[in-house]
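Chains as they are written, first to last, in this note's numbering: chain A, -12 to 241; chain B, 955 to 1174.
FYI, nobody ran anything at the bench for these hints, they're computed from the structure. Keep in mind that the hints are not guaranteed to be accurate.
Just some of the chain B residues that point at chain A, by a computed CB distance under 8 angstroms [to be verified]:
| # | residue |
| --- | --- |
| 1 | P956 |
| 2 | L998 |
| 3 | F1001 |
| 4 | P1029 |
| 5 | V1033 |
Please read all numbers here as calculations on a predicted model, not as lab measurements. We put the CB at the ideal spot given by N, CA and C, even for glycine.
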Amino acid sequence: MSQTKSKRLINEEGLRIDGRKFDELRPIKIEVGTLEKADGSAYIEWGKNKILAAVYGPREVHPRHLALPDRTLFRCRYHMAPFSTEERKSPAPSRREIELSKVIREAVEPAIFTELFPRTAIDVFIEVLQSDGGTRCAGITATSLALADAGIPLRDLIVACAAGKIDGQIVLDLDNIEDQKGEADLPVAISPRTGEITLLQMDGIMSREEYEKALNLAIEGCRQVYAMQQEALKRKYASEEVGAKGDDEGEGLS
Amino acid sequence: MPGDILADGDFNPGQNTYREGSKVYASLIGLANIAGKNVYVVALKGFYMPVVEDLVIGKVIDLRLSGWVVDINAPYAAVLPTSEAFGRSFNSRREEMTSYIDVGDLVVAKVIAFDRTRDPVLTTKDGGLGKVSRGRLVRVTPTKIPRVIGRKGSMINLLTRGTDTRITVGQNGVILVSGEKPEMEVLAVTVLQMIEREAHTIGLTDRVEELLKKKKGTES
């Protein structure tokens, strides 16, 4: 690992391989409403990650027997395109993709008012077009935006970001090399309004102090991403926000 | 925006909002309004949730023994029972359902029952309801329907008079335009599309009026 000093992840000036400081995020670009046909969608570029999220629903459940009598069925599919990695990835869902589908679903579902639409389904498709570490965080971030774009009532916009340990230092937002050569990775998703944590995973070894430091750093990162999420939504709906305040409203038929 | 705080204190959470403790938050992207103690959000995008008494326009997608299944652009498929369509008892062994309404037909109907446990039930018994025989369809985001109608129907009346057409507005975001002259139908459709695009702006009724005058001027 990093003990072989031949290749270091952090140089003498304290900069990482891609030139970032320890608490710096990769550049993030978010677009809402990218897909015409989906009820809601979002596209995110997080460093070299490129991810599309599409939301369909609430709609009727197929197959029928899966429908829940008291709330909506929230389904999530995380999938990596065969060309998203350096070596071709088989398009069949791998163990890892099934796991990520589950953790993303469980991270985002608490934000949805599922009880408002019994016997329906909301389907989310997360397609990773290009990956470079931290796709689950980017996927969660895009998913909550796509849900908001679909007009689904949400308690909050869930946002995710990772922190980790490389070369003995706690850093924010690991990329692929840092994830693989580093010591630990800690992806975190939060509900920024309440500060509740909806996803917390750890891969690697950290001491208790390091863990606490990493967790706080990741939450700090989430807050930064949250600001970008809000900004992306505003950009999409900005024109509609200007001087709006409807002056007439009514109901009935012609 | 979902999760944004709208009010703190003794307020009633209205449409598209929710309360936690003493604070009221938004649950959708939209424009917040506070009227007295009521806080609500006018959604910019949403889907249609059936409400009893709503007028809807839907497409027949299936036939069953007891009635037709209608897609009303909602998370639930609606049922139009034969008894509600004919207004009398109906025996499918003696009569052919499809001779009245077939799969693929459009119907204007009213929601007569809907709750969490049951799919919406429609009726075509009232006047003006039933199968659509001609006209043009426009689809708009269901949340913008109030804007299409306008205050006490001001917008829709303006449009009906201005284009000499009949306009049926379904609460589910489907609008049917039918008129004597095809070019007037087209004009009404363009205006409706403009209303959807600019639903959020002020003085829309005036601009619609202007556009109608201009278009009519060029034609005559």
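Against the structure, the hints come out as follows:
1. For B:P956, the suggested interface contact is upheld, since its CB lies about 4 angstroms from the closest CB of chain A, less than 8 angstroms.
2. With a least beta-carbon distance of about 5 angstroms to chain A, the hint placing B:L998 at the interface is held under the 8 angstroms criterion.
3. At a threshold of 8 angstroms, the smallest CB-CB gap from B:F1001 to chain A is about 6 angstroms, leaving the interface hint in force.
4. A distance limit of 8 angstroms between C-beta atoms decides the matter here; for B:P1029 the minimum to chain A is near 4 angstroms, and the interface restraint holds.
5. Interface restraint check: B:V1033 against chain A, minimum CB-CB distance 13 angstroms, threshold 8 angstroms, status violated.
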